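> Taken in order, these protein sequences are the chains called A and B. The first sequence: position 23 = 23 (the working numbering), numbered continuously. The second sequence: position 268 = 268 (the working numbering), numbered continuously.
In case anyone wonders, no lab produced these hints; they're calculated from the structure. Any given hint might turn out to be false.
[What the hints assert, rightly or not] Derived DSSO-like pairs: lysine-lysine, alpha-carbon spacing no greater than 30 Å straight-line:
id: 1; chain 1: B; residue 1: Lys73; chain 2: A; residue 2: Lys124
id: 2; chain 1: B; residue 1: Lys19; chain 2: A; residue 2: Lys66
id: 3; chain 1: A; residue 1: Lys173; chain 2: A; residue 2: Lys6
[Said to hold, decoys possible] Label-pair restraints from in silico Cβ distances:
id: 4; chain 1: B; residue 1: Glu32; chain 2: A; residue 2: Tyr47; range: 29 to 37 Å
id: 5; chain 1: A; residue 1: Arg163; chain 2: B; residue 2: Glu340; range: 45 to 53 Å
id: 6; chain 1: A; residue 1: Arg64; chain 2: B; residue 2: Tyr140; range: 38 to 46 Å
id: 7; chain 1: A; residue 1: Arg64; chain 2: B; residue 2: His144; range: 42 to 50 Å
id: 8; chain 1: B; residue 1: Ile95; chain 2: A; residue 2: Tyr197; range: 46 to 54 Å
id: 9; chain 1: B; residue 1: Ile42; chain 2: A; residue 2: Ile23; range: 38 to 46 Å
id: 10; chain 1: B; residue 1: Asp39; chain 2: A; residue 2: Ile23; range: 42 to 50 Å
id: 11; chain 1: B; residue 1: Lys348; chain 2: A; residue 2: Arg89; range: 49 to 57 Å
id: 12; chain 1: A; residue 1: Phe167; chain 2: B; residue 2: Ser21; range: 21 to 29 Å
id: 13; chain 1: A; residue 1: Arg163; chain 2: B; residue 2: Ser21; range: 27 to 35 Å
id: 14; chain 1: B; residue 1: Val64; chain 2: A; residue 2: Lys92; range: 22 to 30 Å
Computed from a predicted model, the values in this text were never measured in an experiment. The beta-carbon is built from N, C-alpha and C at its ideal position, and this holds for glycine as well.
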Amino acid sequence: MSDYRKLTNEDLVELYVLNDDQIAFEVIYERLQPMIYNMVLNILGQYDLAQDIAQESLIRFAHRAKTYDREKSLVSTYLVTIARGEACRYKKKSQKETNFSLLDTVNQLIFKGDKKVNDEMFIKGIHKQVKEIIGELPLVDQTIFNLRFYGELSSNEILVNLRQQGFDIKDEKTINNRIFKIKSLLIKLLGNDYYKYIE
Amino acid sequence: MNTEKSLREEYPEAFEEPKMSNKLEAALLEVEAEMAAMDPKIFEKDITESDPKFYRFIKTHAYVEPPPKLKAKVMKRVFGDDNYRHQILRRKVTIKIQELKEFILEHLPGRLELKSDLFKPTATMGMILFLFTIGIITYYFFYHFNKNQPNPVANNNNSVSTPKPTITSIPSPIPNIVANNESNEKANINNNSSVDNTLNKKENDTLAVDKHKTPKIPNYRKPEQPKGIEKENENLAMVHRGPTITDDQADAKTRTKDQGEGTKISLLNLKNVSVEVATELQDKSLEENFKRDLSVAISNSKKWELVSLGKAQAFFRTQASGRDIILVTRSTKEILWKDENYLEKYHKDKNYIESIVLMLTTGK
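Whole structure, please, built from the sequences with the hints as guidance.
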């Protein structure tokens, strides 16, 4: 296992595809799953759903790994795109259904009777506020936030990732500049809550 | 965008820009104004250096560790449940069949004006009979050709079904294969093999044609081989039968680990390799472990890139029940390096694989 940890994500995918290597896939999972899960959770705001969508994204990634081309994109870019796509699609679909389905209204009435259970399914407090602020930011800033704080990628890795997704980013300084801007914005909007928590 | 086109087409939602509220827009303008008045050096640093408190705050209050059961679920569905892995494919095939069925029912009878006849029981029976007849004819031809095909091995010794030649039978170059085929055949039967079965069969076929002067008949039982595999087999065959090997080729093919110095020049040009393990190994797990360890060692070497067989410049290939391992170029099928009794060495020396990869990549 320790040998595998020295390898890049791209090498690990090669091993998984060529040998159906379980350890290689496990290492990819451990590296990228926290980012995928938290990114999806921030889009959907619901724990159970985030688990399902994150799980589905990784399985989809595993099934299409044979067609993955390391020269075209990093594994993190590839997986983030799949997960974000799956989460956004689900959100859009559920919003549509909420608008038009009578059944959903009935479901809401049923859930009303068990508000405690309903509440526990969703993220709350500071986390909810952060999710709402980040969710309104431009796509490039959302991606930077996810990759830096959830994926723990360096500025250089984020730069490569963003460029592969088609964002026009000049250099690493621009990345750090944007992270600082996101931080300042979050502190401003969270206000006293932020200072209360860091003390 | 460089992300794969198919992915972008599949998930257009992932690239939609969100709408910003007035409150957020106003706050963003304020932040930008504040930043304009600040020294740029402050925010050019990484966040963990410039504001570690904020980094910790996000990690503590806006981050959730994925539940452990999620990993178990994913691993089970990717590796454990074969049904699931083929479920999507099965569903696709079912849909296609359904579509084809609907297409035939809707369009074909109408166009051919056979609406009343095509699906009558008599017509269906006729079609079944027709298919049955074709099946019988195919079987007859298949059987007939195989019956007439000579099998020199069977003539000599009926108890041996797959003769195995050995590399140890290369004492000196022999000018004429046909003249020596009888002794070769005996060697094939009695000695251990170091060349794979497809090679043996091909060579035996050739010998039989020469000996009995029978016309060349297609072998329907021969498994399908990709283009170029015959050339590859021919190259491998040269290891076994000395006569057609030139001096240069012979040098390349008989190099061993100790003679690694001579292979340096051609090996240095290698950028990517692949690994193929013979299916002859009886111990499947051993075969998988060896392949995995070799793959990991190649990836770790950083000198070579591990790629699929189709893309590789050269590939490692194991042969004949754990005796030989060779490195062969994919295009010219030249054997760059060879080592004997690799499984024995693999068992004895834990660093055997690392040492051969190191030797081949650096010459050390």
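> Tell me, in ascending order, the numbers of any earlier hints that this structure violates.
Structure breaks hint 2 only.
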